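So the chains spell out like this:
There are 2 protein chains.
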Amino acid sequence: MNKIVLDENEIPKKWYNINPDLPSPLPEPRNPEGGENIENLPRVFSRGVLEQEMSMERWIKIPREVRDVYKMIGRPTPLFRAKGLEEMLDTPARIYYKREDYSPTGSHKLNTAIAQAYYAREDGAERLTTETGAGQWGTALSLACSLMDLQCKVYMVRVSFNQKPFRKTIMQLYGGEVVPSPSDHTEFGRKILSEDPEHPGSLGIAISEAMEEALQYENVYYSLGSVLNHVLLHQTVIGLETQKQLEIAGETPDVMIGCVGGGSNFGGAVFPFIKDKLDGKLDCEFIAAEPRSCPTLTQGEYRYDFGDTAGMTPLLKMYTLGHDFVPPSVHAGGLRYHGMSPQVALLVKEGIIKARAVEQHKIFESGVKFAKAEGVVPAPETCHAISVAMDEARKCRETGEEKTIVVSFSGHGLLDLKGYGDYLEGKI
Amino acid sequence: MNKIVLDENEIPKKWYNINPDLPSPLPEPRNPEGGENIENLPRVFSRGVLEQEMSMERWIKIPREVRDVYKMIGRPTPLFRAKGLEEMLDTPARIYYKREDYSPTGSHKLNTAIAQAYYAREDGAERLTTETGAGQWGTALSLACSLMDLQCKVYMVRVSFNQKPFRKTIMQLYGGEVVPSPSDHTEFGRKILSEDPEHPGSLGIAISEAMEEALQYENVYYSLGSVLNHVLLHQTVIGLETQKQLEIAGETPDVMIGCVGGGSNFGGAVFPFIKDKLDGKLDCEFIAAEPRSCPTLTQGEYRYDFGDTAGMTPLLKMYTLGHDFVPPSVHAGGLRYHGMSPQVALLVKEGIIKARAVEQHKIFESGVKFAKAEGVVPAPETCHAISVAMDEARKCRETGEEKTIVVSFSGHGLLDLKGYGDYLEGKI
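Protein chains in written order, with UniProt numbering: chain Y, 1 to 428; chain W, 1 to 428.
No lab work stands behind these hints, which were simulated from the structure alone.
Every value quoted in this text rests on a predicted model; they were computed, and no experiment measured them.
Hints may be right or wrong, so weigh each one.
Straight-line alpha carbon distances no greater than 30 Å define the calculated DSSO-like cross-link-like pairs of lysine-lysine that follow [what the hints assert, rightly or not]: (1) Y:349 <-> Y:83; (2) Y:418 <-> W:354; (3) W:395 <-> W:281; (4) W:369 <-> Y:418; (5) Y:61 <-> Y:13; (6) W:71 <-> Y:403; (7) W:427 <-> Y:83; (8) Y:83 <-> W:14; (9) W:354 <-> Y:372; (10) Y:244 <-> W:83; (11) W:71 <-> Y:372; (12) W:418 <-> Y:369; (13) Y:83 <-> W:83; (14) Y:83 <-> W:277; (15) Y:244 <-> W:244; (16) W:372 <-> Y:13; (17) Y:71 <-> W:372; (18) W:354 <-> W:317; (19) Y:427 <-> W:418; (20) W:277 <-> W:14; (21) W:427 <-> Y:418; (22) Y:71 <-> W:317; (23) W:71 <-> Y:362; (24) Y:317 <-> Y:349; (25) W:349 <-> Y:372.
Isolated chain Y, as found in the complex (with noise of 0.2 Å):
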């Protein structure tokens, strides 16, 4: 069997929250000392999303309308088998990827972007902002507004709005508001101009201005696209159609892996997998995957820090490389973040989960090995989870134990050729 697919029916009907089953209670969210930071989320994020938060509920009924739309956008996403990878490599073990490249913006990302954007238009919103670095995020979202008919204005990182044109390009087509920023927008932006009219920006400086209009207006709701629990809770789609599709092929996983920047990818993909392995009935290895250059799960450490570099978010217990740190500008723009969702950070904190950290040459050099194989070109940050995979498969080789490693295929590279392009030509 190549491939698994599943029927649109099969879409799950339910999400799946990991907070009743973590294996020691999450560290609450904080105000900052004086700070009044929890205060402002009611504000920016809809009631819907607000619930999902903090819920104790296992079991969360996916909207009618979300599940309709899943079904637009393609959703179940199909299980492939790699076997021309496995064959490249000789190896005894059972490849399979989870295809999110096959939504309509080439990633997971829509997943959540759908669901939010229902809550937000259910309490009244007409318009959410947002911030995105690489763009994959900001893509996302501005379709599920034009499929939700909210408006969407995007605050992207400037030097990306320079450097990747057709980004914003694509935002734009999908009906979004794309601004560079620091822009003239916001209170916030301002002041940074003024300081220096040239600042590149970052994505801290972007959910600032994109939380500062939120905060403005009544009607204008904030979205997020990673590290919070509803954001989480809305992938596990991921991981309850790999188990059904495991199921049809006959297989139990023993090694899972996914690439981590905020975790939603990988947490989406591997919770209902992990509720399994607490509830004794499954025995399989996690293990998240993340750039040596941004390494929050391998150097970080764990403590209470801010979501965002400005200090506008609730302070988070996970792991931290600190707000003010300022990854290296690598191709796998999504994972450079300096957090990490707080579920994720506590079960890697547990020994449940384990990181990886991997190096930005290995990671193209695996990309390319795995589209030659397999047709399908990875997006870089899917290449970290590909580039363990390929080492997990490899030490299979050596052992001769034929086991079942599931990837989380978060994307393709169809948008970021650049990176592919200065690895071939020996720049990276």
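Could you slot chain W onto chain Y? The hints should help.
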């Protein structure tokens, strides 16, 4: 039902060859006066495809290995219902689109690339040469060669080579050697460069260079991405799958629409349905959509002409704008071809296929509307078909007819965002 998926075992076992069912005999290829062009064909093409070119067998078995690779790259592709678009247009028509963009290279081209690489390898080839303009065909053949353990050399029109660095990157990533044409690798290329070292190149020149190289070496074969019968034959997997899928949906098509450059996507999608029409089993309109700027079917002559600019191919009876016609540099590079598949041409001549020409501005307007409503960004080529489908759906709104409209969605536009950007900025 939003999408109709088929199990991988439902990939057709045979291709459909329209030659025996054509309503009048196909005029045979001819040598030019004093030329022996037809005699060159066995020196550049594999026996497998040459047999198929002139075959009068209605059904031709798909080799098992080709079917295996079709599975690996994700065939069968799904058929989607465009409910979002129907709603946007407020039409009683039901619109379906066959998703060839689900291929890892983003278009239908891989269907024949895999088959051609297979037959060439069976025949002892070690390397394939080809030309590419916009890049889709060169990308597909590079991947097919990687999957079939062959080398691949792509002569890429110099102006595209310079303007589309990402196309070059993806071909190289798949292991293809990419050479800007005219090049100093061939006598013909050197001759042109000696006259004009800055020559921008053309598809005709690139074909001549690729053929010249294949003629020189025993183990080097040449591969063509459209026009010829074996190419359209391989593409009939599209139409055969669509037949099964429409049956599952309980639909009979009233209108089928595809875009035409050389005719391979359109032919592959509609030939199996044309058989049913000729058999009196189906009452359906077939519309070929072409660019107004390269109006082969709507303004060309039906006569013998060369398939390439340099006159190295045999003469084919087809609609043509003249083999020295230079189409303007439109964004739908895949449709910039002076000629047409002889089979498609004959069916147009016989009135079984209708043709319609569409302005560039209108195709992007349609593409943006489609992307906002359905999520997927169509390739500029594909936008021609979508534009005609939208016109047909609007007619249904006026007449109240509940027609079933089927669009062959030949590919996505993620590597063509420059055209969309120009359109959104008002430059088109």
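Here is what the structure says about each hint:
no. : hint            : result
1   : Y:349 <-> Y:83  : violated (34 Å)
2   : Y:418 <-> W:354 : violated (41 Å)
3   : W:395 <-> W:281 : holds (25 Å)
4   : W:369 <-> Y:418 : holds (28 Å)
5   : Y:61 <-> Y:13   : holds (6 Å)
6   : W:71 <-> Y:403  : holds (23 Å)
7   : W:427 <-> Y:83  : violated (46 Å)
8   : Y:83 <-> W:14   : holds (24 Å)
9   : W:354 <-> Y:372 : violated (40 Å)
10  : Y:244 <-> W:83  : holds (27 Å)
11  : W:71 <-> Y:372  : holds (16 Å)
12  : W:418 <-> Y:369 : holds (28 Å)
13  : Y:83 <-> W:83   : violated (35 Å)
14  : Y:83 <-> W:277  : violated (40 Å)
15  : Y:244 <-> W:244 : holds (26 Å)
16  : W:372 <-> Y:13  : holds (26 Å)
17  : Y:71 <-> W:372  : holds (16 Å)
18  : W:354 <-> W:317 : holds (18 Å)
19  : Y:427 <-> W:418 : holds (25 Å)
20  : W:277 <-> W:14  : holds (20 Å)
21  : W:427 <-> Y:418 : holds (25 Å)
22  : Y:71 <-> W:317  : violated (45 Å)
23  : W:71 <-> Y:362  : holds (29 Å)
24  : Y:317 <-> Y:349 : holds (11 Å)
25  : W:349 <-> Y:372 : violated (43 Å)
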